[in-house]
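J.: For the sequence shown, the UniProt record's numbering begins at 1 and goes up steadily by one.
Derived from the structure by calculation, the hints contain no laboratory data.
Everything numeric in this text was worked out from a predicted model, so none of it was measured.
We put the CB at the ideal spot given by N, CA and C, even for glycine.
Keep in mind that a hint or two might mislead.
Stated by the list, open to error - Taking CB as the label site, the calculated pair distances span:
1) Ile106 x Arg131: 13 to 23 Å
2) Arg131 x Gln224: 29 to 39 Å
3) Leu91 x Lys227: 36 to 46 Å
4) Gly38 x Thr130: 48 to 58 Å
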Amino acid sequence: METAIATLAVGGLIGAVLALIGGGGSILAVPLLVSFAGLSTHLAIGTAAVGVSLNALLAVIGHSRVGTVKWPCALVFGASGMAGAAAGAELGKATEPDLLLSLFGILMIAVGGLMFRGRRLAANAEVRLTRASAGELLPRLLPLGVGVGVMAGFFGIGGGFLIVPAIILATRMPIAMAIGSSLAVISVLGATTAASYALSGLVDWTAVLMLVAGGTAGAAIGLQVQKRLAGRQKLLERGFAAAVVAGGAAIAGGLP
Numbered sequence: 001m002e003t004a005i006a007t008l009a010v011g012g013l014i015g016a017v018l019a020l021i022g023g024g025g026s027i028l029a030v031p032l033l034v035s036f037a038g039l040s041t042h043l044a045i046g047t048a049a050v051g052v053s054l055n056a057l058l059a060v061i062g063h064s065r066v067g068t069v070k071w072p073c074a075l076v077f078g079a080s081g082m083a084g085a086a087a088g089a090e091l092g093k094a095t096e097p098d099l100l101l102s103l104f105g106i107l108m109i110a111v112g113g114l115m116f117r118g119r120r121l122a123a124n125a126e127v128r129l130t131r132a133s134a135g136e137l138l139p140r141l142l143p144l145g146v147g148v149g150v151m152a153g154f155f156g157i158g159g160g161f162l163i164v165p166a167i168i169l170a171t172r173m174p175i176a177m178a179i180g181s182s183l184a185v186i187s188v189l190g191a192t193t194a195a196s197y198a199l200s201g202l203v204d205w206t207a208v209l210m211l212v213a214g215g216t217a218g219a220a221i222g223l224q225v226q227k228r229l230a231g232r233q234k235l236l237e238r239g240f241a242a243a244v245v246a247g248g249a250a251i252a253g254g255l256p
């Protein structure tokens with residue numbers, strides 16, 4: 001009973017964090033599932049991949065309703081990342097679990113540090129992937145999508161901490177739209193990683209149900225908070241960067 005309640009709470013936290021900052025679900029879920037649900041690291045990664053993918057799908061529905069999802073950009077980014085995620089997952093399953101977490105923590109610190117530097121160009125809320133803009137956007141979206149996909153699959157995560165800054169780099173869209181768009185990508189990449197782990201028998205389906213049940217409530221709360229902060233662009237960007245660095249430091253330092 002206590003394990004079920006703990007897993008529900010983990011799901012609620014995942015849903016809230018995904019809706020609020022567009023990433024971080026798996027990084028939170030994996031160590032918590034290991035600590036409180038007693039799952040092995042690889043089993044926790046596979047279970048988290050399924051749960052985060054489904055919770056991201058729930059969260060993206062809410063973001064879509066308020067117009068913070070750039071679907072063409074997100075779908076192109078997600079499609080290009082699927083092949084990378086499949087390849088990365090195979091590499092990840094063959095890598096020692098503690099090394100996986102430590103490497104990802106180091107990567108998070110690097111990404112967060114780059115985000116603290118801020119934008120060099122103004123945000124463009126009107127960016128759209130069309131025939132006219134394809135020549136400019138596709139050469140950035142496609143390789144970034146593949147690269148993020150490989151890392152997402154390798155580390156067994158949705159990749160939101162990487163997707164959000166990558167989408168901003170490729171399109172210059174505001175962070176609120178990058179967060180909404182990232183959730184669509186997380187759904188795709190997470191499903192690809194989840195399928196790889198599921199085929200290897202590395203998913204606890206009872207825990208997945210608990211994660212999704214908790215995530216439904218958490219996503220609703222996170223979306224409301226995100227809407228309140230949407231007008232404070234710089235605060236949201238710096239808060240996101242701080243969360244990335246702090247999470248990376250905890251993981252690299254051996255968060256249980």
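J.: Of the hints stated earlier, which fail here?
T.: Hint 1 is the one this structure does not satisfy, whereas the remaining hints hold.
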